[in-house]
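*Asks:* Chain by chain, the residues run as shown.
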Amino acid sequence: SQQGEEDPQALSIQEGENATMNCSYKTSINNLQWYRQNSGRGLVHLILIRSNEREKHSGRLRVTLDTSKKSSSLLITASRAADTASYFCASITSGTYKYIFGTGTRLKVLA
Amino acid sequence: NAGVTQTPKFQVLKTGQSMTLQCAQDMNHNSMYWYRQDPGMGLRLIYYSASEGTTDKGEVPNGYNVSRLNKREFSLRLESAAPSQTSVYFCAISGLDEQFFGPGTRLTVL
Numbered sequence: 042s043q044q045g046e047e048d049p050q051a052l053s054i055q056e057g058e059n060a061t062m063n064c065s066y067k068t069s070i071n072n073l074q075w076y077r078q079n080s081g082r083g084l085v086h087l088i089l090i091r092s093n094e095r096e097k098h099s100g101r102l103r104v105t106l107d108t109s110k111k112s113s114s115l116l117i118t119a120s121r122a123a124d125t126a127s128y129f130c131a132s133i134t135s136g137t138y139k140y141i142f143g144t145g146t147r148l149k150v151l152a
Numbered sequence: 002n003a004g005v006t007q008t009p010k011f012q013v014l015k016t017g018q019s020m021t022l023q024c025a026q027d028m029n030h031n032s033m034y035w036y037r038q039d040p041g042m043g044l045r046l047i048y049y050s051a052s053e054g055t056t057d058k059g060e061v062p063n064g065y066n067v068s069r070l071n072k073r074e075f076s077l078r079l080e081s082a083a084p085s086q087t088s089v090y091f092c093a094i095s096g097l098d099e100q101f102f103g104p105g106t107r108l109t110v111l
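Here the protein sequences come in this chain order: Z and H. Quick note on numbering: the numbering used here labels position 7 of the first sequence as 48, and the sequence is numbered without any gaps. Quick note on numbering: the numbering used here labels position 4 of the second sequence as 5, and the sequence is numbered without any gaps.
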């Protein structure tokens, strides 16, 4: 399977804590993106990091990329109950238009 | 400006029946995709179309066919539905650096 893997599969934290989730992928990539999905709805784009970047920030989100290990991490700081959702990474294979999604991390933030 | 629309929202089929899932976009993007999402499996790519007139297989194309009717529309056809095709199907389009998703079609095959 080409599908990437994410860990943990599920994460439960208290409001105000930080949440970290990790993603591994299998191919050479143009860029890697993170998406959020609320309860069976369509995915929504959060942030993109290009293959020549190591770290990117957007508001409370911080993403890192290590192409030598084919891995990425997403950090959500000062989490809120509204952050409760599933989070997916998507790697975009070099030279193609193919997006390969990871298996996802289900985040639950307790108020 | 609806973005990406999918029809139908829900469908129940009997084994062996056929159906077509429709996807349309009003964002004028070239690339369109069909995914399926099963519990605990994330999204798996079925087929994609990089531009009008082209289609390519993804990870799980068996049992499906697609048609890129024009730049706006990309349909997914199940010729003979099987219980293993019970899933939520998402259509997506690709801009420069992100994908935009439709609301999904929940398909149950009995």
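These are computed hints drawn from the structure, not numbers from a lab. Nothing here was measured: the structure is a model prediction, and the numbers come from that model. Accuracy of the hints is not assured; some may be wrong.
Claimed, not checked - Within a straight-line C-alpha distance of at most 25 Å, the following computed BS3-like cross-link-like pairs (lysine-lysine) qualify:
1. K58(H) - K111(Z)
2. K67(Z) - K15(H)
3. K110(Z) - K67(Z)
4. K67(Z) - K111(Z)
5. K67(Z) - K97(Z)
Said to hold, decoys possible - Here are some of the chain H residues that sit facing chain Z, going by a computed Cβ distance under 10 Å:
6. Y65
7. S68
8. L70
9. Q86
10. T87
11. C92
12. F102
Said to hold, decoys possible - According to the in silico footprint, chain H covers these stretches of chain Z (three or more CB under 8 Å from chain H):
13. 56-66
14. 74-84
Every residue gets a Cβ at the ideal spot worked out from N, C-alpha and C, and that includes glycine.
*Asks:* Are the hints correct? Go through all of them and say.
*Replies:* Hints, verified against the model:
no. : hint             : in the structure
1   : K58(H) - K111(Z) : 24 Å, holds
2   : K67(Z) - K15(H)  : 37 Å, violated
3   : K110(Z) - K67(Z) : 10 Å, holds
4   : K67(Z) - K111(Z) : 7 Å, holds
5   : K67(Z) - K97(Z)  : 21 Å, holds
6   : Y65              : 16 Å, violated
7   : S68              : 18 Å, violated
8   : L70              : 19 Å, violated
9   : Q86              : 18 Å, violated
10  : T87              : 14 Å, violated
11  : C92              : 9 Å, holds
12  : F102             : 3 Å, holds
13  : 56-66            : violated (count 0)
14  : 74-84            : holds (count 6)
In summary, the structure is inconsistent with hints 2, 6, 7, 8, 9, 10 and 13 from the numbered list given earlier, while agreeing with the others.
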